[in-house]
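Peer 1: From first to last, the protein sequence lines are chains A and B. Okay, so the first sequence: first residue is 0 according to numbering that gives the first Met the number 0, each after it adds one. Okay, so the second sequence: first residue is 0 according to numbering that gives the first Met the number 0, each after it adds one.
Check each hint, because a few of them may be wrong.
To be verified - From the derived model, a few chain B residues whose C-beta atoms are all more than 10 Å from chain A:
no. : residue
1   : H11
2   : G27
3   : R29
4   : G30
5   : T41
6   : A42
7   : L45
8   : P57
9   : A67
10  : S68
11  : S70
12  : G72
13  : V73
14  : A80
15  : K115
16  : R128
To be verified - Quick list of the computed label-pair ranges, beta carbon to beta carbon:
no. : chain 1 : residue 1 : chain 2 : residue 2 : range
17  : B       : A83       : A       : R75       : 38 to 46 Å
18  : A       : E114      : B       : V26       : 51 to 59 Å
19  : A       : G161      : B       : D47       : 44 to 52 Å
20  : A       : L18       : B       : V26       : 38 to 46 Å
21  : A       : D39       : B       : D84       : 17 to 25 Å
22  : B       : R128      : A       : E156      : 49 to 57 Å
23  : A       : R109      : B       : A16       : 48 to 56 Å
24  : B       : A16       : A       : D34       : 50 to 58 Å
25  : A       : G146      : B       : R121      : 48 to 56 Å
26  : A       : P117      : B       : M0        : 26 to 34 Å
27  : A       : R159      : B       : S129      : 21 to 29 Å
28  : A       : R159      : B       : V127      : 45 to 53 Å
29  : A       : A147      : B       : P131      : 53 to 61 Å
30  : A       : P52       : B       : R121      : 15 to 23 Å
Because the hints were derived from the structure by calculation, they are not lab data. Even for Gly, the Cβ is constructed at its ideal location relative to N, Cα and C.
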Amino acid sequence: MNLVMARVDDRLVHGQVVLGCCPALGASRVMLCSDEVAADPLLARVYRAAAPPGIQVEILDREATRARLSSADDDRQPTILVAASISDLLWLVASGSPLTSVTLGGLHRRAGAREVWPGVYLTPTDLGDLRQLLGRRLRVQVQSVPGAEGFEASLPELDRRGGSS
Amino acid sequence: MQPSMRALLVTHGDLGAELLATSEAVVGVRGQLAALSNDGHTAASLRDRIGQWLQARPGPALLLVDEASGSCGVAAAAAAASHADVTWVVGGVNIAMLVAYLSSCSHLPPERLVDKVLDRGRSAVRLVRSEP
Chain A
0 MNLVMARVDD
10 RLVHGQVVLG
20 CCPALGASRV
30 MLCSDEVAAD
40 PLLARVYRAA
50 APPGIQVEIL
60 DREATRARLS
70 SADDDRQPTI
80 LVAASISDLL
90 WLVASGSPLT
100 SVTLGGLHRR
110 AGAREVWPGV
120 YLTPTDLGDL
130 RQLLGRRLRV
140 QVQSVPGAEG
150 FEASLPELDR
160 RGGSS
Chain B
0 MQPSMRALLV
10 THGDLGAELL
20 ATSEAVVGVR
30 GQLAALSNDG
40 HTAASLRDRI
50 GQWLQARPGP
60 ALLLVDEASG
70 SCGVAAAAAA
80 ASHADVTWVV
90 GGVNIAMLVA
100 YLSSCSHLPP
110 ERLVDKVLDR
120 GRSAVRLVRS
130 EP
């Protein structure tokens with residue numbers, strides 16, 4: 000699979016993804032990894048219908064996403080993977096998905112979360128999951144869209160920005 | 000006068016509030032249209048918030064959003080799909096559309112009101128060329 004970005008974004012498929020990231024990275028497909036959306040045909044239909052022309056939205060639960068990412072097919076379509084949470088990303092990595100980098104694009108205010116970057120709030124659980132991702136040598140970037148300001152995440156850097164619990 | 004159907008403006012940041020304030024100033028009426036920002040919302044929380052607004056009163060409703068492919072459009076479409084009453088979702092909102100709604104919502108039936116909003120919105124998008 001030609002994965003051009005793995006992104007964590009709790010708004011799932013939205014403007015920054017289809018109008019910002021897809022054109023910038025030449026992606027014509029968004030693979031949405033969400034157990035909730037995959038289990039809800041109505042919601043899945045809404046997400047597919049909302050994509051602009053030229054962008055295909057594929058909706059898979061975590062297990063199906065893992066299988067697609069791990070398959071040895073010759074699918075060359077440039078694709079952005081979007082997961083709703085860092086824990087979803089960690090699950091994919093821990094279950095063998097060959098991901099090497101992840102972009103934290105948007106995680107909004109939740110109870111117990113602190114802002115580390117505009118539009119990116121992390122809970123203590125998120126930080127624990129990030130610690131595991133970094134321990135697996137994944138590159139973690141915090142950036143809303145390609146070309147925008149952001150930073151390379153390390154745990155000291157996240158702590159410095161106020162994300163420590 | 001009560002509008003023939005309720006309308007909610009769902010946008011990024013303060014865009015909706017500003018568009019609404021300007022449109023109300025143009026028409027000279029207030030309180031016929033509500034604005035909701037997506038600030039701080041996840042996909043699920045925005046969908047739930049719009050759903051609560053729809054559930055608050057029965058009857059047809061119009062959801063006006065800035066970007067149909069964005070978080071506002073997706074959340075509005077998802078909330079509308081789960082709602083029992085007829086709900087229109089219209090993307091690409093501009094001042095002309097809001098003015099059309101505010102000036103006609105009390106006397107046009109819902110279907111004709113939606114047609115008018117769309118027609119005025121499309122007409123307002125045009126090239127204004129000045130000769131050198």
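Peer 1: Just want to verify: B:L45 was marked as not at the interface with chain A; is every Cβ pair farther apart than 10 Å?
Peer 2: It is violated; B:L45 is separated from chain A by about 8 Å at its closest Cβ, not greater than 10 Å.
Peer 1: Please confirm whether B:G72 is truly not at the interface, meaning its C-beta sits more than 10 Å away from all C-beta atoms of chain A.
Peer 2: violated (6 Å)
Peer 1: Could you see if the CB distance from A:G146 to B:R121 stays within 48 to 56 Å?
Peer 2: Violated: the Cβ-Cβ distance is about 32 Å, outside 48 to 56 Å.
Peer 1: Return holds or violated for the Cβ distance of A:R109 and B:A16 against the range 48 to 56 Å.
Peer 2: For A:R109 and B:A16 the Cβ distance comes to about 24 Å; the hint is violated.
Peer 1: Does the no-contact call for B:R128 survive, Cβ to all of chain A over 10 Å?
Peer 2: holds (27 Å)
Peer 1: Was B:A80 rightly flagged as not at the interface, with every chain A Cβ beyond 10 Å?
Peer 2: Per Cβ check, B:A80 is inside 10 Å of chain A; nearest 5 Å; violated.
Peer 1: Against chain A, does B:A42 hold up as non-interface, every C-beta pair farther apart than 10 Å?
Peer 2: violated (5 Å)
Peer 1: Does B:P57 sit more than 10 Å from chain A, CB to CB?
Peer 2: Nearest chain A Cβ is 20 Å from B:P57, so the label holds.
Peer 1: Does B:H11 sit more than 10 Å from chain A, CB to CB?
Peer 2: Non-interface label on B:H11 violated, nearest chain A Cβ at 8 Å vs cutoff 10 Å.
Peer 1: Within 50 to 58 Å or not, the Cβ separation of B:A16 and A:D34?
Peer 2: Violated, since B:A16 and A:D34 (Cβ atoms, about 35 Å apart) do not stay within the stated range.
Peer 1: Please check whether A:P117 and B:M0 have a Cβ separation lying inside 26 to 34 Å.
Peer 2: violated (42 Å)
Peer 1: For A:D39 and B:D84, compare the CB-CB distance with the range 17 to 25 Å and indicate the outcome.
Peer 2: Cβ of A:D39 to Cβ of B:D84: about 20 Å, so the range 17 to 25 Å holds.
When held up to the earlier numbered hints, the structure conflicts with 1, 5, 6, 7, 9, 10, 11, 12, 13, 14, 18, 19, 20, 23, 24, 25, 26, 27 and 29 and fits the remainder.
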